[in-house]
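A.B. asks: The lines below spell out each chain.
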Amino acid sequence: MENNSLIAIDATILFAGDSGDGIQLTGDQFTTTTALFGNDVSTFPNFPAEIRAPQGTLAGVSGFQIKFGSEEIYTPGDHCDLLVVMNAAALKANIKQLKSGGMIIANSEGFDTKNLRLAKYPDGVNPLEDGSLDSFKLFTLDVTKMTKATLEGSGLGTKEIDRTKNMFVLGFIYWIYNRPLEHTIKFLEQKFAKRPEIVEANIKTLKAGYFYGETSETFMQRVQVKPASIKPGVYRNINGNPATAIGLIAAAQKSGLGLYLGSYPITPASDILHELSKYKNFGVRTFQAEDEIAAITSAIGAAFGGSLAITTSSGPGIALKTEAIGLAIMLELPLVIINVQRGGPSTGLPTKTEQADLLQAVYGRNGEAPLPVIAAQTPSDCFYAVFEACRIAVEHSTPVFFLSDGYLANGAEPWRFPNASDLPEIKPNFATEEDADGKFLPYKRDEKLARKWAIPGVKGLEHRIGGLEKEHETGNISYDPDNHEFMVKLRAEKVEKIADFIPLQTLDNGSNKGKLLIVGWGSTYGSIKTAVKRALEDGYSVAHAHVRYISPMPKNLGELMKNYDHILVPEINNGQLVRILRDKYLLPAEGFNKIKGIPFSSEELYKKIISLA
Amino acid sequence: MSTIDSDTAPQAFTSKELVTDQDIRWCPGCGDYSILKQVQTVLPELGLKREEIVFISGIGCSSRFPYYMETYGMHSIHGRATAIASGLKATRPELSVWIITGDGDAMSIGGNHFIHLLRRNFDVNILLFNNEIYGLTKGQYSPTSELGKVTKSTPMGSVDHPFNPLALVMGADGTFVARSMDRDPTHLRNILKRANAHKGTSLVEIYQNCNVFNDGAFEVFTEKSSKANSTLLVEQGQPLIFGADKDKGIRLDGFTPRVVSLNDFSADDLWIHDETDRTKANLLVRFFDDASIEGQFPRPFGVFYSEQRFTYEAAFNQQIADAIASKGAGDLDKLLRGPSVWEVK
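Chains as they are written, first to last, in this note's numbering: chain V, 1 to 613; chain A, 1 to 345.
Everything labelled a hint here was simulated from the structure, so no lab data went into it.
Treat the hints with care, as some may be off.
[What the hints assert, rightly or not] Here are the computed lysine-lysine pairs in the DSS-like style, where the Cα-Cα straight-line distance is at most 27 Å: (1) V:K607 <-> V:K562; (2) A:K16 <-> V:K254; (3) A:K334 <-> V:K191.
[As the list claims (entries may be wrong)] Restraint-style ranges between C-beta atoms, simulated for each label pair: (4) V:L586 <-> A:H161: 44 to 50 Å; (5) V:K194 <-> A:A314: 29 to 35 Å; (6) A:P185 <-> V:E485: 40 to 46 Å.
All of these numbers come straight from a predicted model, not from anything done at the bench.
All residues carry an ideal CB built from backbone N, CA and C; glycine is no exception.
Let the hints inform the model, and build the full structure from the sequences given.
C.D. replies: Written out as structure tokens, the structure reads:
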């Protein structure tokens, strides 16, 4: 390792450029390389809604932020140490993210007159030259020109050469942070296996970027971030959507059920469909339906037939599924409804994250229609939380909501993955021919108040189910007023009873009495954890509880919250969990909200915490 | 579906055993009674196991049907029976799945799932009860009500051009297209048997009289006085002949069908019905004019089109089998491990 490297505990890089510049790929490569190196990492991709927004414009800027460290990392970082910009628009859109004194690497070709105009800089103004960036360390290089020079005589066309320029940047960044090139070389060899000339060009450019750092005698300070001393074990890198997909397959294997996914493409949930479609050899059946309604109703059909049935979507799609969710509640069949939340209402902000749909999940149906709701808190937690959603659906014969969001879906972190044998069994409660003895009662319940799963093909259990109100036990249609009230309360009690089968609420950090308790849910976990840790180190009286079971809530949550003077509920919405807590526990919980399509910074949370603790 | 040969296998259950203990709630005189009776009569003859039969319906008068069938059943939500059946059949291809739907359920609120089920060609049977009215909601016009229909929601007459259901089905590449009616039990039973035998989506449109809100909608096809001149029973390999005296026929003049007199032409000159001919089937389903008007085409009944095409569930499950054959059954530990790992000591 270089002796002149600066040793840093952590570093945050923000890569930004046109959505066609290969920014996401560059970020992914850096993430995997640095994770393989042994750092703890957390990432946050941020891309425009349009696949190819007009080149060079602010609307077309795509970003990828990564924080990595030799200590545990819980967020992708509030501000970056290094901002890599491929054009003027990328600089303009992201400069506020850079720490004062931070470093900028700018591709000078992206600051020509045309690009400056597209980024809406006034005529004649070039931020690289007018001194406006003097408080930062600015490093300009002509990536395009150097890439061209590298691939001169390669026989590739201008366009193909231009497409490799992100590799030059990546190589240079690898040099700065002392990272090996092997992983990316291997990746390129696999990705372009059918086009060896493209593999060669990309590797050549990648190496050119690295050697450029080595030979150009730049003023650039190299940085060394040592491997993290995290819990021993074997790790992999994981994003939220793939973790969700793997969790579903694991639940299918552990329950002995076939996995069925009914889905309709929607951002940011589609990757779960893509991922599951790859695993047909696990017996995974994925059905791209004609619309959101067919996606869920086909899943209801598969559930009736005895599959572990799933439907995936995001807010607007969930709205379309609403009536069918009510049917699943009435049918009392296992079903997992996955909402990878995004900014709303309506089409809203498809590519931006928001904890937008908690109230929709808990309350958003006609009639008295309660169901369990579970929320994942980190990318790798998507695996465990969705596995738990499947367990509850199958063992309690009910549809279950699983909430993820755009930030979890696309964010990545290292994961000390479990062995298959460590995962608990899930036990389906199938009715058998013996249940037909005498007369089969499809709505007879067990001690969990769950009904048995009687699937077509079993002799003697022929029965009819449907959306009309059911008579207790027989499941026959009933308009009896007393029966209706009884059944409404029974269905609610059944969901409430799940509280007996879930863990009690624990504190993530802090002591069990004090001035301030932060109650979070979902993807705010990392930011809250970072802020609370810092506040505790600074001597403030604060604790953190992160609620995974939104419905029913852990039985001790109410008691736990009474031990603090203040309850603060930070959410990336206009205040949703806070309403439920106030309603359920009659506590003066206070909201702390951000609705900008981006996560909390731990800094803003820290400031809020110390104002109350 | 079960592969037992229906001619030789003993009946596994009787028609009586298909009757449930639920009171039937259709209006007295409703055409649904006859359809239920024909289905209960035919099912034991098809060589199916009762526990492998599933009836799935949406919402509407006809959709109460599953409650009266002692099989597996689901009375679901409006328009979605087709989509629910798709998920069931995709995952349980051995089941005999019957979809009960109406004109509003299938073609208004459920129009999208209806056409997609047809193009995918799941091996299911759709019984489309067409009464050209909304009965359950007490008498609004439906997507098959005739232009100018006066109902509660259209006091000045409907301005909606109606669907021609079977033309829609042909347009969606349905592989089995047939029409029958509640008032002709023998014909209906035969068509139901044909529908069951077809491997693929079998669509049977059944003209069903709603004697409360749209009584007599199909009278011209059912009343003795008008039936012979306004209906055309098509049979495979037979010339298209109709009329009280069997003296009228349909002749193809190029691609143009014409009603001709058998005084002028012999049966050999007429259009010979061939249910495998898509072009002819497309013409036949277009015989949709007011058949009570002299000189118009009669309304055809029977199997218009039948095509062998791979079923969705077969291809869908073949991919699973192929993936297992080529990659081996999935290894969860390998999946958890992912493409690359590192060890922290």
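A.B. asks: Now look at each hint and say whether the structure bears it out.
C.D. replies: Okay, the hints, checked on the actual structure:
1. Restraint check for V:K607 and V:K562: the C-alpha separation of about 23 Å stays at or below 27 Å, so the hint holds.
2. A hinted pair counts as satisfied when its Cα atoms are at most 27 Å apart, and A:K16 with V:K254 does not qualify at roughly 42 Å.
3. Taking the CA atoms of A:K334 and V:K191, the gap is about 21 Å. The hint holds against a cut of 27 Å.
4. The supplied range of 44 to 50 Å is broken by V:L586 and A:H161, whose beta-carbon atoms lie about 59 Å from each other.
5. V:K194 and A:A314 have their C-beta atoms about 32 Å apart, which keeps the hinted 29 to 35 Å range intact.
6. Separated by about 44 Å at the C-beta atoms, A:P185 and V:E485 satisfy the suggested range of 40 to 46 Å.
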